[in-house]
Amino acid sequence: MADLISNVPDGPLADKWTKHKNTIRLVNPANKRNIDIIVIGSGLAGASAAASLAELGYNIKCFFFQDSPRRAHSIAAQGGINAAKNYQNDGDSIYRLFYDTIKGGDYRSREANVYRLAEVSANIIDQCVAQGVPFAREYGGTLANRSFGGVQVSRTFYARGQTGQQLLLGAYSALSRQVAVGKVKMYNRHELLDIVKIDGKARGVVVRNNATGEIASHGAHAVLLCNGGYGNVFFLSTNAMGSNATASWRAHKRGAFFANPSFTQIHPTCIPVSGDYQSKLTLMSESLRNDGRIWVPLHKEDSIAIREGRLKPTELSEERRDYYLERRYPAFGNLVPRDVASRAAKERCDAGFGVNKTGQAVFLDFASAIERYGEEQANIKGISIKDREAVMQMGREVVSAKYGNLFQMYEQITADNPYETPMKIFPAVHYTMGGLWVDYNLMTTVPGLFALGEANFSDHGANRLGASALMQGLADGYFVIPYTIGEYLADDIRTGPISTDHDAFKAAEIEARGHLSSLINIKGSVPVDDFHRKLGKFIWEYCGMARNEKGLKYAIKEVRSLRAEFYEDVRVPGKLDELNTELEKASRVSDFLELGELMCNDALNRNESCGGHFRDEYQTPEGEALRNDKDYTFVSAWEYTGQPEKPKHHKEELVFDNVELKTRSYK
Amino acid sequence: MKLTLHIWRQRDSETKGEMVQYIVDDVSEHMSFLEMMDVLNDNLVKKGEEPIAFDHDCREGICGMCSMVINGQPHGPQKGVTTCQLHMRSFNDGDSIYIEPFRAKGFPVVRDLIVDRSAFDRIIQAGGYVSVGTGSAPDGNAIPIKKEEADEAFNAATCIGCAACVASCKNASAMLFVSAKIAQLDRLPQGKVESKERVSKMIAQMDEEGFGNCTNTGACSAECPKEISLENIARMNRLHLKSTISPT
Ligand SMILES: Cc1cc2nc3c(=O)[nH]c(=O)nc-3n(C[C@H](O)[C@H](O)[C@H](O)COP(=O)(O)OP(=O)(O)OC[C@H]3O[C@@H](n4cnc5c(N)ncnc54)[C@H](O)[C@@H]3O)c2cc1C
Ligand code: FES
Numbered sequence: 034m035a036d037l038i039s040n041v042p043d044g045p046l047a048d049k050w051t052k053h054k055n056t057i058r059l060v061n062p063a064n065k066r067n068i069d070i071i072v073i074g075s076g077l078a079g080a081s082a083a084a085s086l087a088e089l090g091y092n093i094k095c096f097f098f099q100d101s102p103r104r105a106h107s108i109a110a111q112g113g114i115n116a117a118k119n120y121q122n123d124g125d126s127i128y129r130l131f132y133d134t135i136k137g138g139d140y141r142s143r144e145a146n147v148y149r150l151a152e153v154s155a156n157i158i159d160q161c162v163a164q165g166v167p168f169a170r171e172y173g174g175t176l177a178n179r180s181f182g183g184v185q186v187s188r189t190f191y192a193r194g195q196t197g198q199q200l201l202l203g204a205y206s207a208l209s210r211q212v213a214v215g216k217v218k219m220y221n222r223h224e225l226l227d228i229v230k231i232d233g234k235a236r237g238v239v240v241r242n243n244a245t246g247e248i249a250s251h252g253a254h255a256v257l258l259c260n261g262g263y264g265n266v267f268f269l270s271t272n273a274m275g276s277n278a279t280a281s282w283r284a285h286k287r288g289a290f291f292a293n294p295s296f297t298q299i300h301p302t303c304i305p306v307s308g309d310y311q312s313k314l315t316l317m318s319e320s321l322r323n324d325g326r327i328w329v330p331l332h333k334e335d336s337i338a339i340r341e342g343r344l345k346p347t348e349l350s351e352e353r354r355d356y357y358l359e360r361r362y363p364a365f366g367n368l369v370p371r372d373v374a375s376r377a378a379k380e381r382c383d384a385g386f387g388v389n390k391t392g393q394a395v396f397l398d399f400a401s402a403i404e405r406y407g408e409e410q411a412n413i414k415g416i417s418i419k420d421r422e423a424v425m426q427m428g429r430e431v432v433s434a435k436y437g438n439l440f441q442m443y444e445q446i447t448a449d450n451p452y453e454t455p456m457k458i459f460p461a462v463h464y465t466m467g468g469l470w471v472d473y474n475l476m477t478t479v480p481g482l483f484a485l486g487e488a489n490f491s492d493h494g495a496n497r498l499g500a501s502a503l504m505q506g507l508a509d510g511y512f513v514i515p516y517t518i519g520e521y522l523a524d525d526i527r528t529g530p531i532s533t534d535h536d537a538f539k540a541a542e543i544e545a546r547g548h549l550s551s552l553i554n555i556k557g558s559v560p561v562d563d564f565h566r567k568l569g570k571f572i573w574e575y576c577g578m579a580r581n582e583k584g585l586k587y588a589i590k591e592v593r594s595l596r597a598e599f600y601e602d603v604r605v606p607g608k609l610d611e612l613n614t615e616l617e618k619a620s621r622v623s624d625f626l627e628l629g630e631l632m633c634n635d636a637l638n639r640n641e642s643c644g645g646h647f648r649d650e651y652q653t654p655e656g657e658a659l660r661n662d663k664d665y666t667f668v669s670a671w672e673y674t675g676q677p678e679k680p681k682h683h684k685e686e687l688v689f690d691n692v693e694l695k696t697r698s699y700k
Numbered sequence: 019m020k021l022t023l024h025i026w027r028q029r030d031s032e033t034k035g036e037m038v039q040y041i042v043d044d045v046s047e048h049m050s051f052l053e054m055m056d057v058l059n060d061n062l063v064k065k066g067e068e069p070i071a072f073d074h075d076c077r078e079g080i081c082g083m084c085s086m087v088i089n090g091q092p093h094g095p096q097k098g099v100t101t102c103q104l105h106m107r108s109f110n111d112g113d114s115i116y117i118e119p120f121r122a123k124g125f126p127v128v129r130d131l132i133v134d135r136s137a138f139d140r141i142i143q144a145g146g147y148v149s150v151g152t153g154s155a156p157d158g159n160a161i162p163i164k165k166e167e168a169d170e171a172f173n174a175a176t177c178i179g180c181a182a183c184v185a186s187c188k189n190a191s192a193m194l195f196v197s198a199k200i201a202q203l204d205r206l207p208q209g210k211v212e213s214k215e216r217v218s219k220m221i222a223q224m225d226e227e228g229f230g231n232c233t234n235t236g237a238c239s240a241e242c243p244k245e246i247s248l249e250n251i252a253r254m255n256r257l258h259l260k261s262t263i264s265p266t
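Which chain is which? The protein sequence lines are A and B, in order.
Residues in the first sequence are numbered from 34 upward in steps of one, following our numbering.
Residues in the second sequence are numbered from 19 upward in steps of one, following our numbering.
Note that these hints are calculated values from the structure, not bench results.
Take the hints with a grain of salt, since some may be wrong.
[Said to hold, decoys possible] Heads up, simulated DMTMM-like pairs for lysine to aspartate or glutamate below, C-alpha to C-alpha not over 20 Å straight-line: (1) B/K64 - A/D562; (2) A/K435 - B/E166; (3) A/K567 - B/D56; (4) A/K390 - B/E166; (5) A/K218 - B/D134; (6) B/K65 - A/D563; (7) B/K65 - A/E601; (8) A/K663 - A/E348; (9) B/K165 - A/E430.
Put together the whole structure using the sequences plus the hints.
Here is the structure:
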């Protein structure tokens with residue numbers, strides 16, 4: 034379609050970014066001082082963008098809903114960050130990272146963006162090291178790596194199980210330095226309610242100070258949305274409680290197209306649901322699959338015995354176990370990509386082999402790793418491997434050094450000791466590949482409105498590889514937007530400050546206030562969370578790990594009536610102009626209720642299976658995803674038409690000049 | 019199980035607060051502490067009352083957003099965990115639980131259990147960074163760093179900035195928080211260059227925010243959910259002494 038212009042530069046893939054940087058328009062330092070930029074979000078994408086743009090001389094205002102920028106959801110990332118450094122000399126390269134990402138995404142991402150991501154990945158590590166990020170190191174003092182799912186090289190940099198925390202604290206420190214010199218103004222506990230457009234361009238925002246309830250406008254020459262993903266549509270996910278879709282959705286309603294909304298990532302290794310009161314799910318990092326082996330009993334009667342507590346998993350002999358990933362995918366084994374691993378777990382549980390009370394769990398077992406490491410240590414230390422107690426003890430120590438904090442987290446939640454008995458895990462919603470459509474410059478379909486990090490759709494196609502979200506957030510913020518924003522802002526050097534006296538701001542404020550007041554005035558009988566839980570159940574059931582036409586149509590109907598019910602019967606106590614946590618939740622859930630429907634529509638529209646999008650109707654006889662490249666090699670970008678029931682579909686055709694589209698095989 | 023909760027309620031920093039009693043039954047031992055609070059809030063909303071405001075986000079012990087003093091201890095009775103990681107199996111049927119905000123001069127109450135901890139951000143802004151701009155970094159492996167040093171820097175860097183250290187200290191001192199950042203950066207060649215200026219600037223800001231002095235009682239480290247070591251404070255004091263004797 035002609036209306037979606039990706040602005041990918043011409044020329045060979047490997048030269049595009051360099052050429053683009055060399056020819057892009059610049060804003061000179063004196064003029065940068067006259068330009069204001071609003072950044073929504075202080076996660077990896079927001080903090081890195083705000084700091085880098087401030088260093089260049091722009092005036093930044095940064096808004097986020099937590100009390101401190103350091104608490105953005107990026108803080109929770111565990112496993113690591115990819116970079117094509119090839120420090121391990123194992124054959125890694127920019128091209129290989131690019132290729133793995135394209136293939137991992139099941140050929141539904143844009144080549145040029147992914148190549149650029151791989152290209153700048155190495156700079157990210159350098160930048161973080163310079164900031165004092167304490168990455169794991171080898172005894173020789175060099176940086177250590179580990180491997181992640183879907184790839185065959187070791188390119189993941191990490192800081193124990195807390196990589197996101199360390200990277201975010203690095204970006205937060207760079208940001209703090211700019212706050213100190215007055216180039217960035219921070220607005221904590223602030224929530225974006227609307228994007229304000231003047232003459233078709235994004236010129237500011239309406240925000241609510243959640244601590245006081247005050248609603249206010251801020252003008253700027255450009256607005257950057259770095260508000261993260263929308264996985265909390267599902268209610269239960271590994272996201273933080275406050276993660277929301279509001280900023281993206283309100284932008285969508287102002288003209289930003291929403292791309293591939295149904296592409297969500299269900300992560301295979303999370304702690305299973307334990308009860309109705311559950312508020313969130315906890316991830317057990319993918320890095321555990323380096324050493325943990327996934328299995329269920331081979332015979333149903335053993336699964337039943339385990340469920341009923343008559344049999345312990347450790348009592349089951351090897352022949353009676355089914356290491357189903359190793360069986361189905363011998364080449365990648367336990368390290369297949371996330372979508373594949375999740376579906377395989379669901380398949381076994383649906384077939385009746387699940388191992389917890391609800392039948393919705395499989396084992397992740399460290400016994401063989403403990404034994405293997407223990408024997409290695411025994412050999413190094415000259416201890417007889419016949420001393421099993423000593424071997425196991427040393428093995429446990431090695432495993433603890435690698436995953437100690439995760440094991441502790443697991444035990445804290447489940448009261449089971451994973452050194453003694455296998456972990457129980459089940460897939461859970463984790464990440465959203467879909468997001469606001471952006472061009473090569475990261476600009477949405479609204480001029481002057483940009484989207485970075487998990488909030489955009491650009492790099493991961495239909496499935497994201499582990500350790501690539503941190504990479505993308507920081508690539509966008511540190512190394513892409515500082516260049517590409519110049520192309521847009523070069524026209525604004527004479528505009529002067531954007532005044533919030535403009536009618537567009539007044540109108541948006543009135544609308545935002547009106548929406549919140551109307552939520553309070555419903556004075557119904559049902560708390561917000563009940564609606565959110567119900568919505569989550571529908572989307573999980575019908576637009577989760579497997580989808581089909583009948584289910585999606587049913588879900589659309591149900592979500593619509595739930596939305597109607599919400600506006601009739603939600604109860605939001607308290608007032609508008611004060612701290613009101615129920616009101617914050619109601620506002621977010623009102624957006625989830627619309628986005629949920631669009632996700633179902635998107636899934637219904639795509640008559641193929643690719644990556645995390647698995648349509649029951651489109652699978653191979655062995656149950657693998659069946660892509661349809663002839664008809665679906667495109668990005669779906671949805672336009673808001675004024676009614677959530679009637680989204681308009683646009684396509685960005687994907688062109689693959691550099692890789693051959695193949696059936697993804699991890700066998 | 020059934021619990022009697024005594025919870026601090028306060029409209030805002032200007033208004034006086036008080037302890038209010040609530041009863042919750044149907045608490046499962048598998049619930050997390052905050053899920054128990056969700057159940058209470060759900061009941062309050064259904065009754066048309068205003069729910070209890072408390073800070074939380076990640077609910078897995080890493081963002082540092084949750085706070086609460088539970089039965090006199092920041093983050094409750096269990097060692098090495100945050101409030102959100104606490105499970106109801108740590109309590110017994112029939113227990114009374116006292117829940118209060120993190121109190122300190124530097125942390126005014128916003129509402130109920132929510133306090134304003136932005137003083138911590140201002141301390142970091144005073145110097146808790148390496149002065150390096152985007153794009154000017156050398157190769158990550160250009161400077162080898164001893165594994166032990168990197169590991170120690172990491173241990174200090176695991177601070178989640180929750181402020182339990184301040185809440186547990188009878189002087190409301192922020193020394194553990196401040197020293198963890200200073201020690202992390204001082205252990206790495208990239209950060210060491212600015213150590214002296216950093217220590218004086220951050221300590222000056224800490225004093226300005228109204229945090230008290232350290233009298234070596236060690237409650238901060240004992241209550242710290244990340245078990246940040248007191249050695250960081252010793253290291254900071256040494257650096258501070260050096261910087262006052264021979265400022266750069
Ligand atoms: C448990 C977990 C583990 C993970 N582990 C890894 C890993 O090991 N490796 C990896 O690569 N990826 C990992 N990921 C994914 C990765 O962490 C995220 O995709 C990434 O951090 C997102 O960064 P971001 O900057 O886009 O958004 P976020 O970090 O989510 O930040 C969003 C920001 O926007 C603000 N915001 C949101 N909505 C609004 C609003 N309406 N108004 C104002 N402000 C708003 C928030 O306050 C916040 O500051 C993990 C994710 C989870 C959930
Ligand atoms: S809510 Fe994040 S640490 Fe408790």
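May I ask which of the numbered hints given earlier this structure violates, with the numbers listed in increasing order? Structure breaks hints 4, 8.
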